[in-house]
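To convert, note that position 180 of the sequence shown is 180 in the UniProt record's numbering; the numbers rise steadily by one, no gaps.
By construction, these hints were calculated from the structure, which means they are not laboratory data. Check the hints yourself; a few may be wrong.
In silico EDC-like cross-links for lysine to aspartate or glutamate, where the CA-CA straight-line distance does not exceed 20 Å [stated by the list, open to error]: (1) Lys73 with Asp112; (2) Lys207 with Glu175; (3) Lys89 with Glu52; (4) Lys89 with Glu122; (5) Lys89 with Asp64.
Quick list of the computed label-pair ranges, beta carbon to beta carbon [stated by the list, open to error]: (6) Pro149 with Glu237: 17 to 23 Å; (7) Arg194 with Arg80: 36 to 42 Å; (8) Lys110 with Ile215: 37 to 43 Å; (9) Ala132 with Ile229: 17 to 23 Å; (10) Arg24 with Trp186: 22 to 28 Å; (11) Arg24 with Glu175: 37 to 43 Å; (12) Pro149 with Lys73: 36 to 42 Å; (13) Lys240 with Ala136: 34 to 40 Å; (14) Pro117 with Ser197: 16 to 22 Å.
No residue lacks a Cβ here, since even glycine has one placed at the ideal position from N, Cα and C.
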Amino acid sequence: MARPDEDGAPIRIVSWNIHGTMGRGGKADRERTLSEIVRFDPDILILQEVDERTGFGRPADAFDFLRDGLTLKLVGPDARPADHCRDVKTGSQGGCVCGNLFFTRLPILKSDVIDLPGPDIEARKAIDVTLAAGSAVLRVIGTHFGLLPTTRRRQAGAIAKRLGEGPSAAKFIDEPTIVLGDLNEWSRHGWVDRALSPVLPTVYAPKSWPERFPIVSLDRIYASDRVEIVSARTDGEAGKASDHLPLIADIRIVR
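Let the hints inform the model, and build the full structure from the sequences given.
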């Protein structure tokens, strides 16, 4: 099988809101969550609701556990988590430490954190990572938008503006780019879609929540013209480990 950093090879991307590793049964089980992710075999992964609150059987080291486990099981024992993972904390009120985690097998060229506009119950952010994919460069932005419709509108607009305006606009037109995550948008063609689809016209937005009987497309993948989604699916079996279904897509960079 071709390596994901070889030209023309498919790249598997996964987005999953892991709900603090809380799945069926009402108890946190981070080993179960990690096993499900390893089964997906992602080359690029963005997780939302990584949660270090010490309730429901959760230890207070979720970020370290996932960074170390993903790197060991998906890259190898000699790999360093710092070379493959990025994370951002978005909430710390009342002892809560939670946020998003990014993992990749591909070489990381640069990374940044985008502060998203509010108001919201936590400081929403996005992880902006540029990767080497063979001779191409792939930009991936992973995020978790807010609960309020007006806030989501501003957050989606902020990312669209970052991509499609200003000095970076000319570069973006020719740069394969993906925005993905739990975008919390209940309407398929709501404000989030109106902001992102003009600059990222390739969209995968299946019904992903709640996991047993999904009725809304909270989780989405938006991609630029130079990204082809070869195949995409959710995974019902993984629903036992969260209240969201994961999004799993194999993509190819268009040369």
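- [ ] Would you pick out the hints that fail for this structure and give their numbers low to high?
- [x] Per hint list: 1, 2 and 6 violated.
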